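For the first sequence, the numbering used here begins at 292 and goes up steadily by one.
FYI, nobody ran anything at the bench for these hints, they're computed from the structure.
There's no promise every hint is true.
[As the list claims (entries may be wrong)] Taking CB as the label site, the calculated pair distances span:
(1) His306 x Lys490: 17 to 25 Å
(2) Phe304 x Tyr371: 18 to 26 Å
(3) His306 x Arg391: 14 to 22 Å
(4) Glu404 x Lys489: 21 to 29 Å
(5) Gly429 x His388: 20 to 28 Å
(6) Asp452 x Phe501: 42 to 50 Å
(7) Gly370 x Asp457: 26 to 34 Å
(8) Asn465 x Ala346: 25 to 33 Å
(9) Asn373 x Trp333: 37 to 45 Å
(10) Asn384 x Gly447: 28 to 36 Å
Small disclaimer: the values here were computed from a predicted structure and weren't measured.
Every residue, glycine too, gets a C-beta built ideally from N, C-alpha and C.
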Amino acid sequence: MRGQLLDIYQRLFEHFGPQDWWPGETPFEVCVGAILTQNTSWQNVKKAIDNLKQAELLSVHGLFQMEEALLANLIRPAGYYNIKADRLKAFINFLMHEFRGDLDAMFQTPLEEIRQQLLSIRGIGPETADSILLYAGGLPTFVVDAYTMRALSRHGLIFEDATYEDVRGMFMDNLPPDVQLYNEFHALLVALGKRYCKKPRPLCSDCPLFEK
DNA sequence: TGCCAGGCCGGGT
DNA sequence: ACCCGGCATGGC
């Protein structure tokens, strides 16, 4: 399994090149983006983040102080704006109360412990938690998303009914806890998904995973 | 024009 | 332990 995963990684890397994720300038911006991009295209999320930046409110303090209604209005382009405003507030409140608003302090917590804490926040599920921990915190947790599931199941590497935790475990049990590797690997799987594994129908004829 | 996008929650089986 | 409807905008 380890060999298969590394083989996939190598093929993807050769095909797509380094991805250098996550598109965000600061760890905090990555956290916000991780919540805003739930079931939403990144270009919509970018508009929302730009609104927050222009308002000079893209900070722990800024979001903490802001009225939720105003927050919802600013992030409107990202869709689900009422729910997401609530989720951002829940995350910020957690950060303020547990770590005095200090992201660095949050990331000092042992991985599985802070992961469980994030998962207990309303609006943060496994993918969002892992994205925050890996891409904002630089902690070695593997991010699984819909593209990863689709690609792996189409290529017979996982069962259709595999759960998020199953797939995360498969990567982490078979690869070293290497942040750079996890970062690139997930980003490459998304690049693959966007190009070859879109929803309606597989388009695997020229998928790089089938090349020889 | 309808369908999809880097999910998650809450209520119902 | 699953299954499903709801949440919403912008792009192709």
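Here is what the structure says about each hint:
1. Between His306 and Lys490 the CB atoms are about 21 Å apart, so this pair conforms to the stated range of 17 to 25 Å.
2. The hint said 18 to 26 Å for the Cβ distance between Phe304 and Tyr371, and at roughly 33 Å that hint is violated.
3. Judged by the Cβ atoms, the range 14 to 22 Å given for His306 and Arg391 is violated: they are separated by roughly 44 Å.
4. A beta carbon spacing of about 37 Å between Glu404 and Lys489 contradicts the range 21 to 29 Å that was offered as a hint.
5. In this structure the supplied range 20 to 28 Å holds for Gly429 paired with His388, their Cβ-Cβ distance being about 23 Å.
6. Checked against the hint of 42 to 50 Å, the pair Asp452 and Phe501 fails, with Cβ atoms roughly 24 Å apart.
7. Take Gly370 and Asp457: their Cβ atoms lie about 29 Å apart, and the range 26 to 34 Å holds.
8. Between Asn465 and Ala346 the beta carbon distance is about 44 Å. The supplied range of 25 to 33 Å is therefore violated.
9. Restraint check, Asn373 to Trp333: a C-beta distance of roughly 21 Å breaks the suggested window 37 to 45 Å.
10. Between Asn384 and Gly447 the beta carbon distance is about 43 Å. The supplied range of 28 to 36 Å is therefore violated.
When held up to the earlier numbered hints, the structure conflicts with 2, 3, 4, 6, 8, 9 and 10 and fits the remainder.
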